[in-house]
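Chains as they are written, first to last, in full-length UniProt numbering: chain A, 1 to 530; chain B, 1 to 285.
Heads up, some of the hints might be wrong.
[Claimed, not checked] Have a look at the derived ranges for each label pair, beta carbon to beta carbon: (1) A:ALA330 to B:SER208: 40 to 50 Å; (2) A:GLN156 to B:ILE154: 40 to 50 Å; (3) B:PRO42 to A:MET197: 54 to 64 Å; (4) B:PRO42 to A:LEU153: 23 to 33 Å; (5) A:LEU153 to B:LEU232: 48 to 58 Å; (6) B:VAL92 to A:LEU153: 27 to 37 Å; (7) A:LEU373 to B:VAL92: 27 to 37 Å.
[Said to hold, decoys possible] Distance condition first, Cα-Cα at most 30 Å in a straight line; then the derived DSSO-like pairs of lysine-lysine: (8) A:LYS198 to A:LYS346; (9) A:LYS428 to A:LYS498; (10) B:LYS74 to B:LYS250; (11) B:LYS74 to A:LYS530; (12) A:LYS428 to A:LYS346; (13) A:LYS282 to A:LYS498; (14) B:LYS7 to A:LYS491; (15) A:LYS530 to A:LYS282; (16) A:LYS198 to B:LYS250; (17) A:LYS282 to A:LYS346; (18) A:LYS428 to A:LYS530; (19) A:LYS530 to B:LYS7.
[Claimed, not checked] Non-contacting residues of chain A with respect to chain B, defined by C-beta distances greater than 10 Å in every case (computed): (20) ILE28; (21) ALA60; (22) GLN64; (23) LEU67; (24) TRP123; (25) LEU153; (26) MET189; (27) ASN239; (28) PHE370.
Worth flagging that the hints you see were computed from the coordinates, not collected in a lab. Every residue, glycine too, gets a C-beta built ideally from N, C-alpha and C.
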Amino acid sequence: MSSIAHDPAHGHGHDDHAHHPTGIMRWIATTNHKDIGTLYLWFSFIMFLSGGVMALTIRAELFQPGLQIVQPEFFNQLTTMHGLVMVFGAIMPAFVGFANWQIPLMIGAPDMAFARMNNWSFWLLPVAAILLIGSFFAPGGASAAGWTLYAPLSVQMGMGMDMLIFAVHIMGASSIMGAINIVTTILNMRAPGMTLMKMPLFCWTWLITAYLLIAVMPVLAGAVTMLLTDRHFGTSFFNAAGGGDPVLYQHVFWFFGHPEVYIMILPAFGIISQIIPTFARKPLFGYASMVYATASIAILSFIVWAHHMFTTGMPAAGQLFFMYATMLIAVPTGVKVFNWIATMWKGSLTFETPMLFAVGFIFVFTIGGFTGLICAITPIDVQIQDTYYVVAHFHYVLVAGSLFALFAGAYYWIPKWTGHMYDEGLGKLHFWCSMVFFNVTFFPMHFLGLAGMPRRIPDYAVQFTDFNAIASVGAFGFGFSQLIFLVIVLKCIKGGKKAAARVWDSADGLEWTVPSPAPYHTFETAPVVK
Amino acid sequence: MTHQIEKYFVPEPSRYPIFGSVALLLMAFGAVFWMNKVSAGPMILALGFATLVYMLFGWFGQVIRESEGGDYGKNVDVSFRWSMGWFIFSEVMFFAGFFGALFYVRVIALPDLSSLDHQQFLWGDFSAQWPIKVSPGSIVDPFTPIGAWGIPAINTLLLLTSGATLTWAHWGLINNNRGQLKLGLFLTIALGLTFLGLQILEYAHAYSELNLRLSSGIFGSTFFMLTGFHGLHVTIGATMLIVILLRVMKGHFKPDHHFAFEAVAWYWHFVDVVWLFLFVVVYWL
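In isolation and in its complexed conformation, chain A is listed as follows (with noise of 0.2 Å):
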């Protein structure tokens, strides 16, 4: 990649008099990308934290056979919110949390190119995550659609479901609020002589991930807002008997939905392409492959929506056509693992925890790709469909992909956010008790799948007992594993070995001139790169 040239007294004499107001003001009207990135990774801990005890109450439920923890209704309003929290409240603000601190970083700007407008993009989410969660207590309770809100279902549901439309509305202006500043960031305040083909590829997949973000979050605001016309305004969007259809729902909710997708693992691959080649004291093999392959899932993406419904009657040109276009996006995947791979081939590797989780993303990652390529044969997704084998391929993806990317990120930037280096034991612990509980957890479910347990329900027919008892034995042991990750942060925000400015021997790109923890304002006259 790029070399850097950049004079550490230079950029950043400034902090010394970073004026803000102090207390709990400092974090409500803060326009500093790192508060606000800051606050964007607290969150999407509260919320990961929330999902994950939906998740452990359904798996409780679910330990034997029978009725014992929860009612049904409820099951399935736990079933809703788990895949709403996590999708919307865990892992998209966690990613946005990354670029927030790390974009401007990496590209030598002093902040956000919007930097109120960064503020509010943050905010609107609480205001989103108490109506998600509010909806509980609504009467008839939370949204029980599940997370896609298929019609006609989510037409018939009560206040709740009102609740959750206008939390989509809100989460989806705060995301394109985001990505919008994210795009202006990128293309327009690069230090000198950082060319778009020398940008560090975190950067390059945030790029084509805010892309997607605009494109389609509108969409979805689109699906919802039919939604809730048919619902109280009398329309017929998703109603055959005036002439809709609700198959249409599941149109426009996919057009959104599989892009959707990639915008929660793009940022996870850049993420990785930063770690690994640190790690293995390499440069990345083929960068100009990896954007190029980025931008050619990007674009896929949107043509390959209607793999979710290949069992709602579909002409059988159109069932080849999605499963064609579906497995081509194998191929820039593909190279992606081939590229990370040839990074660390001959290379003089160390495994700190977040080498482990990133090398353990490209394992188990792997193995979600492979199965999304047996979800997508036609013949095979239609025995498939709706099964717990559903259930493990996109939790191989979402869990094992873009939260193992979260957490190696968490601990390679670290350093640089607190200036502390964080407990290598006890990451190594939190490391091999996600890797091993994670696959005790879901690769029982691939079993569960092929032997045809459906998805979201609370009961089940004895067969399946001991596979289910397995995996809730593991989701405990995931859950509380990531208390772990909670003791090292909290240890390294207190205090801990101070880190330099360079954490990594081997770390390229320019968050590494800065010292560590990073002051409150960098870069205000911009580097220069060569």
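Model the placement of chain B on the given structure of chain A, informed by the hints.
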């Protein structure tokens, strides 16, 4: 690649965003309560809307002061250009969702409903046509659709003319001809408001005489949602144009520094183009 010789403007901490968040929280709860017949709903919604208006006035007022105070250099100007472009792209995608729904219903859903399978098992005498005057489940009273060559054609002319007068006003601004700028803006706003007035008349006509309602099956759904959201955007665009006119009266904008004007002009042309699509696929074909 622009070279950052000047310092990029980073604003001080601001309280406006949190007001915006509180406003949307109140509006969301107000709307939910209203739709579910909780009596406090309209009050909470109104309170939220008032907070939002306060926030918009304060926030945009501050941006205008910063802009006129010379805080925004060339780099900030480029940021505004990128962001407005991407914002309009997001709006295009919002409308694309509704247009997509219309095309899906006309090309796939309705022919399917009148296919042999459905005739055999569901609605025997339903045959697909557009505009669909009787819904397949007969849950909709018969209605008459609105023809393209009455008010909609006049409205097309109005909006196209308003695009021209706005460009004429822009030329006036660039050539420092403030009279032409003011007249052009005034004409644009007048044409926009006339458009809205005619659309209100058209809606009243549809409800009172044609029996065409939001609840008139899928035709009413797509017709009112598409034209309604477009009308909402014309309202927003006209409001922004009025703000620009008031700023022009106060002497704001220079021939080489007036992105707020251009942003609103871009928005207005976008609304114009959406209308052309509406005219062709909603009213005409």
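- [ ] Could you tell me which of the numbered hints above are not met by this structure, giving the numbers in increasing order?
- [x] 1, 5, 14, 16, 18, 20, 24, 26 and 27
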